[in-house]
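When you get a sec, could you build the whole thing from the sequences and use the hints?
Protein chains: 2
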Amino acid sequence: MQPESSAPEPITIAFDVMGGDHGPEEVVRGAAQLSLETPHLHALLVGDRALIDAALEGTRHSGERIAVHHASQWVEMSEKPSLALAQKPDASISVAARLVAEGEAQALVSAGNTGAGVLACAKHFKLIRGIRRAALAAVYPTQALHGQKQDPFSLILDVGATVDATAEDLVAFSVMGAAYSKIISKNPDPAVALLSNGTEPRKGPPRVVEAHERLSRTPGLRFIGNVEGVDIPKGTADVIACDGFVGNVCLKMLEGIHETVLELARYAYKEKLLWRAGLAMLSSGIERIKQVTDWEQYGGAPILGFDRIFIKAHGRSRARAIANAGKVAAKAVAKDLARSIEQGLPS
Amino acid sequence: MQPESSAPEPITIAFDVMGGDHGPEEVVRGAAQLSLETPHLHALLVGDRALIDAALEGTRHSGERIAVHHASQWVEMSEKPSLALAQKPDASISVAARLVAEGEAQALVSAGNTGAGVLACAKHFKLIRGIRRAALAAVYPTQALHGQKQDPFSLILDVGATVDATAEDLVAFSVMGAAYSKIISKNPDPAVALLSNGTEPRKGPPRVVEAHERLSRTPGLRFIGNVEGVDIPKGTADVIACDGFVGNVCLKMLEGIHETVLELARYAYKEKLLWRAGLAMLSSGIERIKQVTDWEQYGGAPILGFDRIFIKAHGRSRARAIANAGKVAAKAVAKDLARSIEQGLPS
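These protein sequences, in sequence, are chains A and B.
Taking this note's numbering, the leading residue of the first sequence gets 51, the next gets one more, and so forth.
Taking this note's numbering, the leading residue of the second sequence gets 51, the next gets one more, and so forth.
One or more of the hints may lead you astray.
Heads up, the list lumps identical chains together, so a pair's fine if it works in one copy or across two of them.
Quick list of in silico lysine-lysine cross-link-like pairs, DSS-like style, CA-CA up to 30 Å [unchecked claim]: (1) Lys130 to Lys236; (2) Lys253 to Lys173; (3) Lys385 to Lys130; (4) Lys253 to Lys130; (5) Lys138 to Lys253; (6) Lys138 to Lys236; (7) Lys138 to Lys385; (8) Lys253 to Lys176.
The hints are simulated quantities; they were obtained by calculation from the structure and are not laboratory data.
Nothing here was measured: the structure is a model prediction, and the numbers come from that model.
If you want it as structure tokens, here you go:
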């Protein structure tokens with residue numbers, strides 16, 4: 051066994067440079083930061099070579115740890131994913147996913163169109179043995195603190211990849227979420243729960259009741275039973291499993307509450323500018339509420355279920371968030387997340 | 051046609067006195083208030099006669115507008131509804147529902163066990179023709195203002211009565227919500243939406259896609275299409291229809307956010323007691339956030355779909371909220387809500 055201090059294996063992350071609200075520059079800057087900060091990480095930038103070269107020119111980076119792969123097309127945020135991928139065979143997200151599948155890189159990071167990312171992975175990656183459907187997970191802040199790092203974050207999945215999840219899918223999502231929480235959040239024994247309309251084991255639609263039963267019998271998983279909507283912001287569980295329909299509604303509701311809070315904060319700033327002491331306080335109070343309702347501050351959302359890693363950074367990501375998504379992806383590769391998921395599935 | 055100023059028809063409301071967190075006293079006080087304030091309303095108090103008489107003795111009320119019907123049993127908040135009703139044939143909620151069905155009163159108000167209330171109605175009331183399943187609706191505060199009264203409230207249904215709703219149920223819920231909004235919220239043309247994981251008509255599980263299609267063809271209904279989770283706190287629609295599973299999770303999530311805000315407010319009070327100016331501001335800012343997240347301030351949640359009216363007041367209701375629930379129930383009776391629902395259903 052090697053000592054902990056030995057140099058880690060080099061890992062290459064493919065970045066879909068053309069996605070994201072802030073254009074290629076911000077993704078390139080994120081990858082450039084990564085190349086300077088973490089010697090064992092390499093970045094493979096996929097997208098329009100001229101744009102990438104122009105962005106690299108103005109940014110400090112380590113030339114030997116950054117490579118570029120040209121792709122002539124890209125998917126816009128507003129495009130319908132299936133149509134866009136069919137019409138644009140050389141779209142950066144497709145090319146990047148293919149390069150990862152072929153082993154040119156070990157993981158994929160994109161801040162682009164989520165649906166296109168999921169479809170590109172579905173096309174080029176393989177599902178882990180025992181997994182029937184992939185899940186999009188979201189890391190969001192809660193009132194409670196979690197794991198060794200005392201993280202204020204919980205994981206909820208699926209939030210939109212699999213709208214109609216079966217009991218078997220819900221079990222798989224639970225196992226995938228637990229594996230991710232162990233590896234990325236350093237939470238050695240995460241508390242996993244099913245989202246339902248009551249805490250009793252028989253509450254909920256048949257798929258949830260059946261998943262509850264199966265999870266109670268799944269070894270190596272700390273299943274704490276059903277949680278309710280009230281437990282989402284509280285952070286009662288470290289991992290919450292649900293179908294993509296209800297998960298998506300919940301996640302967007304958190305976003306809606308956050309927007310409401312932001313508007314109230316703006317209103318308060320405007321109306322009461324003279325009250326400096328009060329302003330400071332109001333701002334600190336609202337700051338905490340904002341944190342609890344801002345699910346975006348944590349950078350990347352993993353797509354779980356494939357043999358390769360895909361971290362979806364938020365569209366609004368700046369360079370810092372892109373670099374963080376790259377680090378999370380590298381960690382998932384180094385700790386072999388896919389294997390850990392496969393081993394956690396009930397046999 | 052009679053002029054508006056003529057005396058309204060007398061209406062009797064049956065109150066299940068034994069439910070609620072604050073005991074019979076609070077429900078009796080609410081009914082007593084009603085008897086003094088609104089001459090055309092009569093209250094039929096159902097529960098333990100000795101307890102009711104004791105509560106009435108200490109409360110100002112109009113004796114000629116209050117009657118008592120003894121019931122020797124009652125359902126606790128924590129009891130399993132179906133079991134409790136089976137074991138307690140003389141439970142106050144069952145007796146009250148039966149009295150309404152028999153015409154002794156025109157509507158039912160209870161602050162007790164919600165499930166027991168729904169089951170008692172299902173047993174004694176009839177479903178409106180064309181309605182397959184009942185729905186529990188919740189009125190909750192939003193950022194936007196609604197209707198003629200410029201109400202800051204929207205209606206979401208179902209929030210727990212029908213966990214597995216079909217497309218047909220979702221259409222019925224939409225019609226029922228619109229009728230309620232017209233009659234109770236004085237919103238002559240309420241905007242009705244389906245909750246989904248995207249605004250496009252084909253987004254969501256098959257039941258939602260099919261309901262979307264049917265609602266687009268339903269005359270007399272202002273269907274604005276799908277809304278997402280972000281639209282719940284915003285108040286984009288006046289009425290949001292969804293199945294009882296996702297509706298329950300959303301409603302409880304609002305409750306969870308509200309609790310988080312309350313805790314932050316308590317924390318701020320404790321930590322910064324000296325900053326008086328700031329405190330006042332913080333409290334006004336937090337007050338607005340509390341309003342937007344407090345779905346309970348509006349008293350009663352109607353159970354829709356039956357030929358008789360049932361208003362479920364929150365367990366924590368005080369006398370004022372009970373009296374308000376009685377007024378809402380009376381309004382629904384006077385305007386013949388059930389007929390309005392039946393007429394709104396697609397033929």
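Here is what the structure says about each hint:
Taking the shortest Cα distances, Lys130 and Lys236 never come within 30 Å of each other, neither inside one copy (36 Å) nor across copies (40 Å). In the homo-oligomer, the alpha carbons of Lys253 and Lys173 lie at most 30 Å apart only across protomers (21 Å), although the nearest pairing inside one protomer, at 36 Å, exceeds that limit. Proximity of Lys385 and Lys130 under a CA criterion of 30 Å is satisfied in neither setting, with 34 Å inside one chain copy and 46 Å between copies. With identical chains, the CA atoms of Lys253 and Lys130 are at most 30 Å apart between copies only, with a shortest distance of 12 Å across copies and 36 Å within one.
For the identical chains of this complex, Lys138 and Lys253 are inter-copy neighbours only, at 23 Å across copies versus 45 Å inside a copy, given an alpha-carbon limit of 30 Å. Within a single copy, Lys138 and Lys236 get their C-alpha atoms no closer than 39 Å, and across copies no closer than 51 Å, so neither meets the 30 Å cut-off. Within a single copy, Lys138 and Lys385 get their C-alpha atoms no closer than 34 Å, and across copies no closer than 58 Å, so neither meets the 30 Å cut-off. Taking CA atoms no more than 30 Å apart as the test, Lys253 paired with Lys176 passes between copies only; the shortest distance there is 26 Å, against 34 Å inside one copy.
Checked against the numbered hints given earlier, the structure breaks hints 1, 3, 6, 7 and satisfies all the rest.
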